[in-house]
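Based on these hints, arrange chain F on the given structure of chain X.
Chain by chain, the residues run as shown.
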Amino acid sequence: MREDGAWTQLKHNRNWLGFWFMVPAMAFLIFFLAYPLGLGIWLSFTDTRIGRVGHFVATENYEWLWDDSIFWLSVFNTLLYTFVASALKFAIGLYLALLLNENMPFKAMLRAMVLIPFIVPTVLSALAFWWIFDSQFSIISWSLRHLGLIDQNINFLGDTTWARICVIFANIWRGVPFVAITLLAGLQTVSPSLYEAATLDGATRWQNFRFITYPLLTPIIAVVMTFSVLFTFTDFQLIWAMTRGGPVNATHLMATLSYQRAIIAGQLGEGAAISSAMIPFLLAAIMVSWFGLQRRKWQQGENND
Amino acid sequence: MQDFTRRTLLQGGTALAATGMLTGPALFDFAKAWAQSAPWKAEPGAKLTVMRWKRFVPAEDDAFNAMVAAFKAATGTEMNVFSESFEDVQPKASVAANTGSGLDLAWGLHTLPQLFPTKVLKMNDVADYLGKKYGGWTDAAAKTCKQGNDWLGIPVATNGGYMTYRKSALDKAGFKEFPKDFPGFLEMCKALKANNTPAGFALGHASGDGNSWLHWVLWGHGAYTVDQSDKIIINSPETAKALEYCKSLYDAFIPGTASWNDSSNNKAFLAGELYCTANGISIYVAAKTDASKKELAEDTYHALWPVGPVGKPTELQLALPILAFNFTKYPNAAKAFVAFMLEKENYEKWLDGAQGYLTQTLNGYESAPIWTADPKNAVFSQASKRTLPAAGIGTVGEKAATAIADFIVVDMFANYCTGTKDAKGAMAEAERQLKRIYR
Chain X
-3 MREDGAWTQL KHNRNWLGFW FMVPAMAFLI FFLAYPLGLG IWLSFTDTRI
47 GRVGHFVATE NYEWLWDDSI FWLSVFNTLL YTFVASALKF AIGLYLALLL
97 NENMPFKAML RAMVLIPFIV PTVLSALAFW WIFDSQFSII SWSLRHLGLI
147 DQNINFLGDT TWARICVIFA NIWRGVPFVA ITLLAGLQTV SPSLYEAATL
197 DGATRWQNFR FITYPLLTPI IAVVMTFSVL FTFTDFQLIW AMTRGGPVNA
247 THLMATLSYQ RAIIAGQLGE GAAISSAMIP FLLAAIMVSW FGLQRRKWQQ
297 GENND
Chain F
5 MQDFTRRTLL QGGTALAATG MLTGPALFDF AKAWAQSAPW KAEPGAKLTV
55 MRWKRFVPAE DDAFNAMVAA FKAATGTEMN VFSESFEDVQ PKASVAANTG
105 SGLDLAWGLH TLPQLFPTKV LKMNDVADYL GKKYGGWTDA AAKTCKQGND
155 WLGIPVATNG GYMTYRKSAL DKAGFKEFPK DFPGFLEMCK ALKANNTPAG
205 FALGHASGDG NSWLHWVLWG HGAYTVDQSD KIIINSPETA KALEYCKSLY
255 DAFIPGTASW NDSSNNKAFL AGELYCTANG ISIYVAAKTD ASKKELAEDT
305 YHALWPVGPV GKPTELQLAL PILAFNFTKY PNAAKAFVAF MLEKENYEKW
355 LDGAQGYLTQ TLNGYESAPI WTADPKNAVF SQASKRTLPA AGIGTVGEKA
405 ATAIADFIVV DMFANYCTGT KDAKGAMAEA ERQLKRIYR
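Residue numbers (the working numbering), protein chains in the order written: chain X, -3 to 301; chain F, 5 to 443.
Source of the hints: derived by calculation from the structure; they are not laboratory data. Among the hints, a few may not be true.
The calculated SDA-like cross-link candidates involving lysine to any residue, where the alpha carbons are at most 20 Å apart (straight line), are [claimed, not checked]:
#1 K439(F) x D64(X)
#2 K96(F) x R48(X)
#3 K292(F) x P310(F)
#4 K197(F) x A251(X)
#5 K439(F) x T55(X)
#6 K58(F) x L123(X)
#7 K389(F) x A146(F)
#8 K96(F) x D64(X)
#9 K197(F) x F133(X)
Isolated chain X, as found in the complex (with noise of 0.2 Å):
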């Protein structure tokens, strides 16, 4: 019996044509995603410099981060950096999205109004948080000065407690915009009959938010926060713009202290070694958000797993 051509099992077969619409999509990720990520893992074992082929060195690099103090102050920055910047961006972010599913004046501008900072060009935003916290020409201090709250101008970006905090308070500034709209949009696919049986019932305004909203936000929550999580693990911008990692390096992040080693000093190995090593702190933030988003029950009820 003569087999069919692979046109005619195109034609007829529905496996293979639904092979060859995966073609695209498994090239993009390929070549994209995979094979960068790959890279980025071979150069990390060898000891390439920019414009230099390296050789296989094994774990070398890893074994000089793993004795390199800058290299661990960079991923206590990055989790100290995250997790405060995180959790404060979903509470003003879960709260900006209550406060704007009410009815009040104006709403629709304010929810426009919610967004700006985050239609605002990251450095752009990180530039002018650069001269709000200026050394010499701070807004905050020549307004406290002037206010006689302060004798001499706070030394925001100079002092490693304070850069801190300034380079936190402008991610949270940055980032707020995001959860807050996609959680508003969560709230909006609450049906209001629920709220409405709830409180025949007697419920209070809290009840409502604990056993009602919440629950039913909970994926999208989840969703969000992974997102959030990743978006300021891998933060770069809005440091490099501000800081470039000081002062003495405690605000230097895993992303930017690989890409001083890697492309300003031109070691790429030792670079891709610290980009790898934000994997393993990646991949737990997404597992979290993954076997999460699998309970069925945050949808369907408590005894629904």
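Chain F only, in chain X's frame:
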């Protein structure tokens, strides 16, 4: 990206005419004659893409552009020139080196050609031609660009950074002249602070300003990152003394210097908040060209860096080398352009346009008119002769360049001055980082 045409040349000429430079037809005639007799003939249909650092003095840019336009008109070489900020030149050159495309020439900072020695076009013939014609190269300039007997690039100029101060503040503090040694300099900084006219030097990740003054403090005490054989010697009693001295200075500075980048001191000085700093001549030029800052310009003076306990100048000035990539399709055009840039008819006028921001690396230009045009320019003429190469007494190369780019010395001083680490801890961390780089 800028494409130079005859119209550009004439426009550039108009702008330069005001400063009495070789312009328009005269520049074109010189370029044409030069192109006919030059050792390098541009390939037919040559097209060069050139990246340079973004100018700080507009007239320098005008002079450079006029030179580029004249070269294009004389040789028929298509010239695409674009500028990048100081910080972005090296990463973009590195990407070009890594990918083997995108640029023909890159004009950058420090020891740029040493970062990728296998990717650059050897410039031995150009260096030999210019060196013989113009009195030889300064020592640091040659070390910056040479690897063994090969020239990896051409040291076009040095951006000299010197003490920039307000004379009225020094007078008020009781100093008739700028101190010439370290103790005197510290006393001056303390006196300036006491009068609420403070000094301030960048202690943040400032590639130019931070690295230059902190290496000066380090080397001035006889301390170095590595010795002549690249053995790491940063953890030493001399470094400890340098840290102590720097801490005393830091305490006398205007608050906030730990966050300063390369532009911070310019802003503070021009705003009247800062009375002494180390910088290129750009602060003075900016004040001179701003009518509202006439008094500030008149009160602004320059001085050589004080000499440390070692008894000799220990300056780190910003080298500005140009390199051609070996993957360029037009090596002769690239060499011709570099040689053309440094010919007297171009170079002295270019120095003039830079108003002291650029200093010659060829000894023959020591008597260039710019250094006597304004007495306040004079100290900047010393930059190429007084500076040490970026490696100090060690080997100039990719490791030394990495150490500078990674802010090892800056972070060591900043750690100690801000109280983040004690002296032992700061030195130990720098030592560990240097071991990582020099492994």
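The hints, checked one at a time:
no., hint, result
1, K439(F) x D64(X), "holds, 11 Å"
2, K96(F) x R48(X), "holds, 15 Å"
3, K292(F) x P310(F), "violated, 25 Å"
4, K197(F) x A251(X), "violated, 38 Å"
5, K439(F) x T55(X), "holds, 17 Å"
6, K58(F) x L123(X), "holds, 19 Å"
7, K389(F) x A146(F), "holds, 11 Å"
8, K96(F) x D64(X), "violated, 27 Å"
9, K197(F) x F133(X), "holds, 19 Å"
In terms of the numbered hints stated before, the structure departs from hints 3, 4, 8, listed from lowest to highest.
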